[in-house]
Amino acid sequence: MTTEPPSPGISISKTAEPSTLDVSVGPQHPGSGHCRILIRVDGDYIVSADPDIGYVHRGCEKIAEYRNYVSNIPHLERPNIADAIHLNWGYVLPIEELQGVVVPPRGKYISTIAAEMNRIMSHLYGLAIMQGVFSGHTTIFMWAFGDRDLFIELAEMLTGARLTYSFLVPGGPRRDLPFGFEDRLSRLLDYFEKRLVEYDRIFFSNPSVIARAKGIGVLKREDAKKLGVVGPVLRASGVKYDVRKVEPYGAYADLEFDIPTFEEGDSYSRYLIRFEEMKQSVRIIRQALEKIPKGPIARKAPLVAPEGEATGRVESSRGEITYLVMGDNSDKPSRVKIMNGSFRNLIALPFLVRNVHVADMPIIYGSLDYWPVEADR
Amino acid sequence: MSTAVLGAMYEGIKHIFKHTFTMKYPYQKVLLPKGFRGRHLLYMDKCTGCGICAWICPERCISMVPVTDNKEYPQNPEKRFPQYWYARCCFCHFCTEYCPTGALDYTPDYELAEYDRELLLWSPERLSRPPTNIGEYQSVFHGKDGNQGVTFEPVIKQKSK
Ligand code: SF4
Ligand code: SF4
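Protein chains in written order, with the working numbering: chain E, 1 to 377; chain A, 1001 to 1161.
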């Protein structure tokens, strides 16, 4: 019997070729976020890669068992602070289902507007850091971050916080649209649509970006299905799947929008898919502002949930988020299980970075828009 | 190919002639909307000492403490008020929302850093001081749909325009 200590989750084989070298990318932020990727290089080529997740594990699921349903909201949205509304919404949906609370239509529309604003902010963040900086394009970094701030200003007007919204509680959103919000938002959307044209010219149609990202890290349609990737990564491989259409929540059933897909499945199409999604988000917000009904925004939900279990799914900026919440007649959930887009998409990384140049790895990694804290939970 | 290069360069050069986006914090401060979730304001003449704020707080940063001033609080005979430990507060403001008497309120104060850790403990008396932060800058779009750029301008100047 051998008493070897368990390996820290790294499956790279110990019998290395003499010409190869093992390099640890991360975990302290050489662009990998808070995640270590162990790569084996042979010259300038990556032989294999192994993401070693868990560096920023916080035990969100366990903490959730010790706090009441409302108190859980702030810490459950912290894993992905760029996408707080979606993480929050996914948690609130199953509780509402357990309690049998139905959010009034106006509340659903407000949640939808907030969520789509958050999607734009999150994609701008991804465009700035994950795609702009990683492909060496600092101009788009400045532009996208600047424009993101204008959306943050409005989110602050709506929710009272810049990023840590905690905006949705069981029963509906916490606040109604403030006075003058609609005008400011539609003015911002006019501005933003003009900016998207400029983004296209300086980044997406820029030959140097195309040369770096096109044809790199191809994830074929079949592989994408087999690996179980979700969200923009899945749609960039040609699978038309979006929870907002498949299982509409909020006000999405009343609103018209397309699901952009691309056939290539390379890094460039994963860049483009987020660009197209931002256009759709603008369209959704415009319609929602037009159609928003009058009436109450929220119902009073009890602080206790009955026994039973429920799941909620939302389409976040990084893919589908599923929450399972189990109630036991008390004010605390007995179990919360989170499955999110970042975690499911990272599985594609070892397959995508095989036999590519080392310099292509940031491009592929950035195109997955991976958020380590969300995956580690 | 080369036209796309020129297009990208043109787009970049065009930006030199636009307004600069940067706001010079801390010399210029952004105007915060009503209901911004900064530090709390406690109305000691409304608080009944029920402790609901301490119960709902996700970070357990509120503790109910007795105050020792010589004022009378008829609604709160035991003179027990919430005290905040700001090192842990996440500014979710569930405490404000769930307070049954409206004794807590939002303020636009967000510069709460201190040199001494002890000073992050805010007593009920300190919490009832009025807010001090005044911001006045807000984003303004120049040109049609902001094609001349965006700047942050003082609100008073905007109104008189
Ligand atoms: S601040 Fe409000 S919730 Fe807190 S003890 Fe006073 S009355 Fe109760
Ligand atoms: S804002 Fe949130 S974290 Fe801070 S004291 Fe109030 S309830 Fe607690």
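Since the hints were derived computationally from the structure, they do not count as laboratory data. A quick note: this is a predicted structure, and the numbers were derived from the prediction, not measured. Yeah, the Cβ is synthetic: ideal placement off N, Cα and C, and Gly gets one too. Do not take every clue at face value.
[Stated by the list, open to error] Calculated cross-link-like contacts (lysine-lysine; reagent style DSS-like; alpha-carbon spacing at most 25 Å):
no., chain 1, residue 1, chain 2, residue 2
1, E, Lys194, E, Lys332
2, E, Lys300, A, Lys1029
3, A, Lys1144, A, Lys1034
4, A, Lys1046, E, Lys300
5, E, Lys240, E, Lys220
6, E, Lys240, E, Lys294
7, E, Lys226, E, Lys214
8, E, Lys291, E, Lys279
9, A, Lys1029, A, Lys1018
10, E, Lys279, E, Lys300
11, A, Lys1018, E, Lys194
12, A, Lys1034, E, Lys194
13, E, Lys332, E, Lys62
14, E, Lys279, A, Lys1014
15, E, Lys225, E, Lys300
16, A, Lys1034, A, Lys1046
17, A, Lys1014, E, Lys194
18, A, Lys1034, E, Lys294
19, A, Lys1014, A, Lys1029
20, E, Lys245, E, Lys291
21, A, Lys1144, A, Lys1014
22, E, Lys279, A, Lys1144
23, E, Lys194, E, Lys225
24, E, Lys245, E, Lys220
[What the hints assert, rightly or not] Facing chain E, a subset of chain A residues (Cβ under 8 Å, in silico):
no., residue
25, Ala1004
26, Val1005
27, Glu1011
28, Gly1012
29, Phe1017
30, Phe1021
31, Cys1050
32, Gly1051
33, Ile1056
34, Cys1089
35, Cys1090
36, Glu1097
37, Gly1102
38, Tyr1106
39, Ser1139
> Against which earlier hints does the structure fall short, listed by number upward?
Replying inline: Of the numbered hints, 1, 2, 3, 6, 10, 12, 15, 19, 23, 29, 31, 32, 34 and 37 do not hold.
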